[in-house]
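So the sequences go chain by chain: X and P. So for the first sequence, my numbering puts the first residue at 1; every next one is plus one. So for the second sequence, my numbering puts the first residue at 1001; every next one is plus one.
For the record, the hints were derived by calculation from the structure and aren't laboratory data. We put the beta carbon where it would ideally sit given N, CA and C, even for glycine. Treat the hints with care, since some could be wrong.
Said to hold, decoys possible - Which bits of chain X does chain P cover? Going by a derived footprint, with three or more residues having C-beta under 8 Å, they are:
(1) 31-39
(2) 107-117
(3) 195-204
Claimed, not checked - Result set (BS3-like, lysine-lysine): computed pairs, CA atoms no more than 27 Å apart in a straight line:
(4) P/K1036 - P/K1251
(5) P/K1026 - P/K1047
(6) P/K1132 - X/K26
(7) X/K132 - P/K1265
(8) X/K36 - X/K47
(9) P/K1036 - P/K1026
(10) X/K132 - P/K1257
(11) P/K1265 - P/K1251
(12) P/K1251 - P/K1263
Claimed, not checked - Label-pair ranges, simulated between beta-carbon atoms:
(13) P/M1163 - X/P192: 52 to 62 Å
(14) X/E29 - P/N1306: 40 to 50 Å
(15) X/P228 - P/A1062: 35 to 45 Å
(16) X/A91 - P/A1155: 14 to 24 Å
(17) P/A1219 - X/R16: 32 to 42 Å
(18) P/E1196 - X/G167: 43 to 53 Å
(19) X/M33 - P/K1257: 45 to 55 Å
(20) P/E1196 - X/M93: 42 to 52 Å
2 protein chains.
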Amino acid sequence: MKVAASIYGPVQDDLRLVEDALERVKHVESFPMLAKMLAQVLDGGGKRLRPAIALLAGKFGAYDAELHVPLAASIELLHTATLVHDDVIDASMSRRGRETANAIFNNAASVMLGDFMFAHSADLIARTDNTKVVRLFARTIMAIAGGELHQDMSAYEYGQDTMTYFGRIEGKTASLFATSAEGGAMVARCTPDERESLRRYGLNVGMSFQIVDDILDFAGDEREMGKPIGSDLMQGTLTLPSLLLMERYPKDNPIKKAFRSRKPKTDLVAEAVYMVLNSDILNESYAVARDFRDRALASLSVLPANDARASLEEIAAYVLDRRA
Amino acid sequence: MKVAASIYGPVQDDLRLVEDALERVKHVESFPMLAKMLAQVLDGGGKRLRPAIALLAGKFGAYDAELHVPLAASIELLHTATLVHDDVIDASMSRRGRETANAIFNNAASVMLGDFMFAHSADLIARTDNTKVVRLFARTIMAIAGGELHQDMSAYEYGQDTMTYFGRIEGKTASLFATSAEGGAMVARCTPDERESLRRYGLNVGMSFQIVDDILDFAGDEREMGKPIGSDLMQGTLTLPSLLLMERYPKDNPIKKAFRSRKPKTDLVAEAVYMVLNSDILNESYAVARDFRDRALASLSVLPANDARASLEEIAAYVLDRRA
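Okay, chain X solo, but in the shape it has when bound (with noise of 0.2 Å):
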């Protein structure tokens, strides 16, 4: 899905930089597969999310295109990294109804793909010139693979609860969101707190775009999203609305029973996304996802009220409201 270009207020014209740079990336002369392989990937029409919150956190202070456009183009790509990796472990033949890497070339060519992205994600960090940037990110990918890792490990595990879960998703998706937001202002040498509640925006961002997508995996168009409804459910991953579906019938639900088998039966999935969509889960779990979105308005209160912050009270609206 586009997002409306006009939110991305007073960055809109730098954001076409990121762009240009992401167009570098695929230029890879010596070897036309990776170029290939490259594009693939990069050209999928991304949102563009975290690298337009990196440039909106760096309007708070000695906001520099030479610096902050490198380090948002590093954020796209390390996050398309991330996906494409993820990609290889769930054996995903789809995403945002392009075919994915490992669908097209294989499983080593994706695995050395992504190796390939986050270095060189690492090296446009670098050309901040601030190493403290580079630990930031270098720990945000720790906490990214070590949330993916817990969520393999866990998978099928049918009693986690939703601390567990809270846990997952911000190591997997809102930790990102908090670095792009803090690396942003680091870059732009804010002040101490300035960047925490920056940091503070991102993450609470990212929790509600996590469970807002978890929850368009029950609700969403299957086409929009370009993956079947119920997906989660499939690759034994719980997530919000199965959680709260788990702890109304703790007992007898079409979930324990799928889980148990490690194969989820797709009968079993659609019983369960049925229930789901018959009760007020969905409604609950987006109160939960605006109960975040409204922890990142509140932290941007004490910020100066200028057309960043528009911008990202904007993005935190439009995380919420989405279709896909």
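Position chain P against the provided structure of chain X, taking the given hints into account.
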């Protein structure tokens, strides 16, 4: 195989600090499973050649253990991360006589383990507080991933020549040896000339190292190597000995037959190994490895004749003489 500690001369003690730093990497208290995985891959008893080279290179300038030890630890971590991903890609079940991560855990977890280790190594490298060093390492991982990708893409292609092979092993192996030496020199603020000499030393030692590795795949002790003889050919990888065999028997040779099917038959690989062992091909391959070693030694000759240089010379000799 153990390396006699004496060849590491002036950096023996600091190499123990590198081990301590690697030990700390394993302590992920919040996540026992990750700690277990890290121990599995880091306790393999590697030779620690690359960290030794990085420390020794630092001795030609302003050596600082506070910076050089994290650098050296990060190189070993990074090297091990590449092995973890390689083993996933090659579906290798053992390395150095130990089970691989993907053999014990699974591919998904091993991909994430590798990502975690790459990120952790970036965090350690950033402690040098030198973004030029970070960029040097980022580009090296790009070269390694590119080299592996190239190897994967050209698997079972029997129309390759030795120049392609040299390019491939430079990316896959020699680049990290070169970067170990250059990184150590950069952190010690060596002169550009010293840095270049050390980089060339590393590059040529690395080339020699990989050629010997490829020779040992024909002539090594299966138990000491921890993998069966002929495993490169089984995986469709042409190395110097097999390329020389193809050159001598361009029309009719078992490798060509074996690669045509993309599922090499063991008897054809055995025939190729037998033909190589009953020729002077391994002698010729050793001559090429010696040639690279000589270039490595020549690069050192412009540097002061100190303990560190003597140790680097011993390493170059060891790389050629090793049996596993």
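Hint check results:
1. 31-39: holds (count 3)
2. 107-117: holds (count 9)
3. 195-204: violated (count 0)
4. P/K1036 - P/K1251: 50 Å, violated
5. P/K1026 - P/K1047: Cα-Cα ~18 Å, so holds.
6. P/K1132 - X/K26: 23 Å, holds
7. X/K132 - P/K1265: Outside the cut-off at roughly 53 Å; violated.
8. X/K36 - X/K47: Holds. X/K36 to X/K47 sits at ~21 Å (cutoff 27 Å).
9. P/K1036 - P/K1026: 8 Å, holds
10. X/K132 - P/K1257: 54 Å, violated
11. P/K1265 - P/K1251: 19 Å, holds
12. P/K1251 - P/K1263: 20 Å, holds
13. P/M1163 - X/P192: 52 to 62 Å: Because 55 Å falls inside the window, the suggested range holds.
14. X/E29 - P/N1306: 40 to 50 Å: Holds: the Cβ-Cβ distance is about 42 Å, inside 40 to 50 Å.
15. X/P228 - P/A1062: 35 to 45 Å: 59 Å Cβ-Cβ, so the 35 to 45 Å window is violated.
16. X/A91 - P/A1155: 14 to 24 Å: Because 21 Å falls inside the window, the suggested range holds.
17. P/A1219 - X/R16: 32 to 42 Å: Taking Cβ atoms as reference, P/A1219 and X/R16 lie about 58 Å apart, which means the hint is violated.
18. P/E1196 - X/G167: 43 to 53 Å: 48 Å, holds
19. X/M33 - P/K1257: 45 to 55 Å: The hinted range 45 to 55 Å is violated for X/M33 and P/K1257, with Cβ atoms some 27 Å apart.
20. P/E1196 - X/M93: 42 to 52 Å: Between P/E1196 and X/M93, where Cβ atoms are some 48 Å apart, the hint holds.
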